[in-house]
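Quick mapping for you: the protein sequence lines, in order, are chains A and B.
Read in order, the letters of the first sequence correspond to residues 0 to 573 in numbering that gives the first Met the number 0.
Read in order, the letters of the second sequence correspond to residues 0 to 317 in numbering that gives the first Met the number 0.
Keep in mind the hints are simulated off the structure, nothing from the lab.
Please note: incorrect hints may appear among the correct ones.
Non-contacting residues of chain A with respect to chain B, defined by C-beta distances greater than 10 Å in every case (computed) [stated by the list, open to error]:
(1) Leu138
(2) Ile314
(3) Tyr436
(4) Ala554
Straight line, CA to CA, 27 Å or less: simulated DSS-like cross-link-like pairs of lysine-lysine [stated by the list, open to error]:
(5) A:Lys20 x B:Lys65
(6) A:Lys214 x A:Lys134
(7) A:Lys20 x B:Lys218
(8) B:Lys177 x B:Lys124
(9) B:Lys258 x B:Lys228
To give a feel for the contact side, a few chain B residues facing chain A, derived at Cβ under 8 Å [to be verified]:
(10) Ala40
(11) Asn188
(12) Arg190
From the three backbone atoms N, C-alpha and C, an ideal C-beta is built for every residue, glycine too.
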Amino acid sequence: MAALTTPSFSIDEFLQQEREKDLLRFSTAGSVDDGKSTLIGRLLYDTQSVYEDQVRSIQGKGTTAPGQIDFALLTDGLRAEREQGITIDVAYRYFSTARRKFIIADTPGHEQYTRNMVTGASTADAAVVLIDASKGVLLQSRRHAYIASLLRVRHVLVAVNKMDLIGYDQAAFRAIERDFSLLLEQIAADTGSPVESIFVPVSALAGDNIVHRSKAMLWYSGPSLLELLEALPSSLDTRAEPFRFPVQRVLRPDHSFRGFAGQIASGTVRPGDRVTVLPSGRSAEVSRIVTYDGDLAEAYAPLSVTLVLNRELDISRGDLIVLADAPATVAKSVKAALVWMDRRPLELHRRYLLKHTSQTAPAFLSSIEHRTNIGTFSHEPAETLEMNGIGVVTLNLLRPIALDLYGENRGTGAFILIDAETNSTAAAGMITTASSYETEGSHIHAGAWGPVTAGERAARWGHRGGVLELSGPTELIDAIERSLFAAGAISNRIEADDDAFLLHPSLLEIVTEMQIQSGLLALVVHENDSGTLMARAEDRQLTLDANDPLKAVSAVHQLLHSTGILIFFEKADL
Amino acid sequence: MPAAESEISLPPPPTSATAPPRLSHLRLLEAESIHILREVASEFERPVMLYSIGKDSSVMLRLAQKAFYPGPIPFPLLHVDTGFKFAEMLTFRDAMARSAGAELLVWRNEGAIAAGTNPIVLDTKRCCGLLKTQALLDALRHYNFDAAFGGARRDEEKSRAKERIYSFRDSAGQWDPKNQRPELWNLYNARIHPGESIRVFPLSNWTEMDVWQYIHEEKIPVVDLYFAKERLMYVRGDALLPIEQAFVARPGEQPQLVKSRLRSLGCSPCTGAIRSDADTIPAIIAELLSFRSSERANRTIDHDQEGSMEIKKREGYF
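For reference, chain B alone in the conformation it holds in the complex (with noise of 0.2 Å):
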């Protein structure tokens, strides 16, 4: 039966004579992606993790690291470079496969990249799904991979909180949000049949912050563009556009040196900077809580049209 109104209270809050330690928030996600990890590995006879070089690939890696411990991480780490990708991000892929002792596989759409696709010439839609999407459908088909980690979450986009942990694809590589598999407690469904695959997230229940705060608490390296530093910009509007390949300038727009940093890490013309003095990571989790605009407000490709990135995601993209 229901207390009276009148009792209904707060329950005293724990004393520490009474409460043993209490687990973080951060512990109990840590925990939690370890087991997703442990589980593919184990149920799975071709894993790979996809590794896209952001602070969301770095903490997976971490989490890899850990739940390997003291083995080594047993499966292969794969990027799928554009080819416009900053020159900082390829330096520091290299240097993070190499410390955390994992075998690093780099694919790219060598056709595509050479026929010239880029997203000033085609459109963002297309661009991405070539580069991209059929980079990626490409790699995991070549080396037969049976399941691919990603380091995506669910409150980066709406149509990503209905994604499960293990993400069904068919044989094409495509997700059927209407059709997904329900997910039950801890018990995860790895039965597929040969060509198709699962996409795995073992971030998904972890907000931005949660990985900021997992990142200073760990002290894991990231790259040095998500720290703000004076960067040459094209400033257009509220955008400031950094400098790198394939940017095609304006008449008469002329770079300038901005304080400015990058708040989620994309293709180098499709990836917006922000106006920031965040130099350290506190400064970056300070920055964040005075945010009024999400992670991915940034990046074109969410936005190129109404539910563009369910769309890109039953195409195939992570």
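For reference, chain A alone in the conformation it holds in the complex (with noise of 0.2 Å):
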């Protein structure tokens, strides 16, 4: 940018030159005392990204020597961080260079924060880890290494700081290296991704190795962080990998147009190319890719382009094109990596929505593998995983989904859990297994005639008509009611004494009767203040400690699973 000031300085080869500029995304991670925010502020200052209303702004202010800007509050951008002295969030910034555009995920470090540190990984192509130099490999060094693998962000920058604090010793800097390999090695192992290292020996407080190579460590040859950043490969080049093409709109102005929207995930495309759409099968040739700014020869991720086939199929948002010799796999039970983002931990049983590509379907969690302690790498047997939280688990969908396993393809093996309840975003998952779904004859034909029958409903409640009788105490009773409705059952209670039952006894027999027959879950109850619980499913009978009620409402799921009442997915396709 300073070559403005010189007269030589022509706009037209600047805009040239800005038009042959690509755009890399790292993140960072770290709180004020390792010197995150340095790193960045220096970044940012020294590529003459800040401008002078925004150093003003805080000059004189924070916990610097006087005459020095403190630019940790530059970055953290909400009022209680700069309040607190800590980044609680991610922040996003930009820089750019005569060769590039950055976009910086500038995440929190601490433990309760490792959730924004996995949003931050997730967009990455590369991940600048801190160690400060005067403490050696801290855990949460080691808790972003871990999470830049897990998400596979394919590069790591190792930027030892604050060399200047030991003497820029090289010693030192080589013990860092060895050690932080070593443990680089462990992480791959368990993530099963496996981390391009670079070590730099920096002082983001002076400025070594930052942006400009330093004259302080003159046995350090190489290249400065900021000169490997703008020759890192962008992970977003996947033309090579197969194409993979998630449907988001149909658009249809007219009768004479009907195109598929969306944004490609990966690999190339061109008209004649013969492609499957997923999960139906069904195949077909594309004629055209549309654009606003004319039609294309070729297309390429991660282009958002309309695509028009050559003939007539069923299409719809969340299916996906592909290539016809290129597959990818559907299926309706996954094994994935999973990080937990919400407050409000993992339940078995509780319904969650999985967001994946432009789909959304009904999820169950059907067992914990492990959580993984990431000071550790031990895998922990688990029965929950809680905020921040990191395991692998089994889900099962209600509805086949076409997929990649995440190793393999980051856009198509990614998904989202929601708490179908509160709405809130509960984990991350990376798909690390699935088996193929086969679909032939279990589909639910949206085209069929004729009345809906029990198992077009059981395939969409995840449960067939039953009953389930309890008696016991007012609360527990709520409770299960409860636990059913979050597990997405449509369930109808009914109270056995209620007046109108006890003066035609047949009266409960013809309603319960009718409530199976609708595929609905009816929940006859008898209240009453006795400490036990019963309950009875088919001919099974349960009698619980009214005391204990998570084992109570458990004990009773499990009686609908094993009367086979609850199907959700193994046994859905009737």
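Combine both chains into one complex, guided by the hints.
In structure tokens form, the structure reads like this:
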């Protein structure tokens, strides 16, 4: 930007150069004391990406020595952050060099903000992991490296910071490099995703090896951090990978045009290509690639385009268009690594919505394989995941979706879980295993004639019609009803002691039978003050301790599963 | 294992024989924004695009045309008119909506306007609260919109740097910065309860420079006020104050002709002009490169108190 002051500056040349710039996204993690804000502030300041009024507004404030700028004030945007001197949430920052535009996802480093770190890493091509040279490798750096690997951020730049505090000592740098490299190997073994790491000794405060190469460390002859960032390959380039196109919207402005709008998740497409639409499995040929700026002869990720096919297929939002010779997996059950994001911990049997590409499907967590301890990388048995917990789970979906493994395709292997009741974003998921689901004969045809069948209801609701008899304290019955509601069951509560039923004993049977015929889960309840809960479904009966409500609720769910009333997934396609 | 220090070197630049065409940053940003526009149009029942007439709105409108081409834009545009907009802006607004084939809704807080609300009598904070934030919330409620696109960018202001692309608002339209939904990959959580809404920022990742370059590349029309011309201004210290309605001159102040332009468009009493010779878009871009002040430095409303943008956003401002 200094070029402006030279008389030879030409705006046309500048615009031409800008046209050729690409984009790299990288994440950072850390808190004020390990120098992250200083490092980012330095990058922004030294690339002249901060305006004078922004620097003026923070000068003389903060905790640094007089005359120095406290860069943390520049980057911490929320009042609570400035007041508490910590970074709470992800912030996005932008700067540009002559070669590239950069987007920094600037995230906090403390454990309680692991979810924010994951958020920042999810869109990053590279991660800058900070290590405080005066303290050695701390848990925070391990955690960031682990998350970068888990989220498949390929390039990790390890900035060994505060070299000025240890006299720019080469031996200390080499020791950190050796230790952390071993750690990265352990991490890769756990996540199955190797990271390519480069170590740089820096001092963000003094500006050594951040933008310019340092004169204080002549023993290091490598590039500065910024030079490395400028040279890294962008992971957005997936043109050679299998073509994946999630349909976002069907465009149908008039009878002559029917196009499928979406953003290419990976690969390349050309008119004439033979494509398959998943999960239906029907094929067609691409006849046009339509954009506002004219038809294209070729389109590749991550362009947003509109495809026109050579024949009419029933395609809607959520379908995945793939090249016919590179199909994706269609599955109803997947194993996935989860990072829990919600204050409300994971609950098996709770109803979640899985959002994957452009579709949303009801999902149930059927088991937790393990929880990963990021401190030790050990796998621990777990019954739940709390906020910021990381683990591997098995998920079942109420209908099949087309997907890839996250390790092979970030776009079609990632999902989020949404709590169906509170709507909060409950988890980030990365598919690690998926078994193909046989589609033949298992579809409910939307165009079918005749009345809706019991099988179709069961497939949608996840249970068939049935009766659950409960007698016990009101609060516990309420809790059971609520838990079934949360799991998505369509239930109806019948108070068996109602006068109408006492007067007409056969009425209860008639009402219940009609509800079963309608596919509802009829809860026939007798409320009393006893210390036990009796639950009966089909021919099975349980007597449970009413003083242990969690256990009782869980046992009732088990009862409904074992009698085949709650089907959810495995047997949903009758 | 890390390479030994002597082996660390930069990868060679790609040669033209091996390198396929690269997508420029503008094409990448465009693709991301179009994806967002299509998601919202598909997942919400009643989306609306806030159209503020400025350069960012112009870019957002063009992106909407691209996203649904060859179909029409499937949602209306909404302009919150404070009554203090420059006359040129309103003429431009109507022409743009017509040429884009989009339905244009205009909302004014007529009660507050009739009561003489202005930033000179009230302070800017209360004036904005009535004419912008309150008007916006009223309009969203009146039409029952569940998603509203805004042209705000994260590089504008530091509380905006923390904003999500889908910014959740409670039933009072308020933003809770400490309780934002995590936003991962390009998977946006569009689920809301009745009465709640989402503000959507498709230009989140664009910078001011990106916006101008895109306007240049795409030949997008912008209001003439962005281009330098001889204009009548009151000169008050470093500030150039445009002559429009509701301006109260101080004793002895005389308007003078100054070659000037506006860097960002707001209400006339609160938007200062800058001295400039930039009368073309390349000239504006060249001028931008030489700027040492941020774009919103001339917007009084950002500076009326510490963290003032964050406070406005909490209350329901964009």
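Checked hints:
Distance check on leucine 138 of chain A: its Cβ is at least 21 Å (rounded) from any Cβ of chain B, clearing the 10 Å threshold; non-interface status holds. For isoleucine 314 of chain A, the non-interface assignment is confirmed: its Cβ lies about 14 Å from the closest Cβ of chain B, beyond the 10 Å cut-off. Separation of tyrosine 436 of chain A from chain B is adequate, the least Cβ-Cβ distance of about 22 Å exceeding the 10 Å criterion. Against the 10 Å criterion, alanine 554 of chain A stays outside the reach of chain B, whose nearest CB is about 31 Å from its own CB.
Distance hint between lysine 20 of chain A and lysine 65 of chain B is fulfilled; the C-alpha atoms sit about 22 Å from each other, no more than 27 Å. For the hint linking lysine 214 of chain A to lysine 134 of chain A, the alpha-carbon distance of about 23 Å falls within 27 Å, and the restraint holds. Annotation: proposed proximity of lysine 20 of chain A to lysine 218 of chain B holds, straight-line Cα distance about 20 Å (limit 27 Å). As the CA atoms of lysine 177 of chain B and lysine 124 of chain B are separated by approximately 23 Å, the hinted pair is consistent with the 27 Å bound.
Of the pairs offered as hints, the one joining lysine 258 of chain B and lysine 228 of chain B holds, with about 5 Å between alpha carbons and a cut-off of 27 Å not exceeded. The closest approach between the C-beta of alanine 40 of chain B and any C-beta of chain A is roughly 7 Å, which is under the 8 Å cut-off, so the hint is satisfied. A distance limit of 8 Å between C-beta atoms decides the matter here; for asparagine 188 of chain B the minimum to chain A is near 5 Å, and the interface restraint holds. The restraint placing arginine 190 of chain B at the interface with chain A holds, with a minimum CB-CB distance near 4 Å, inside the 8 Å limit.
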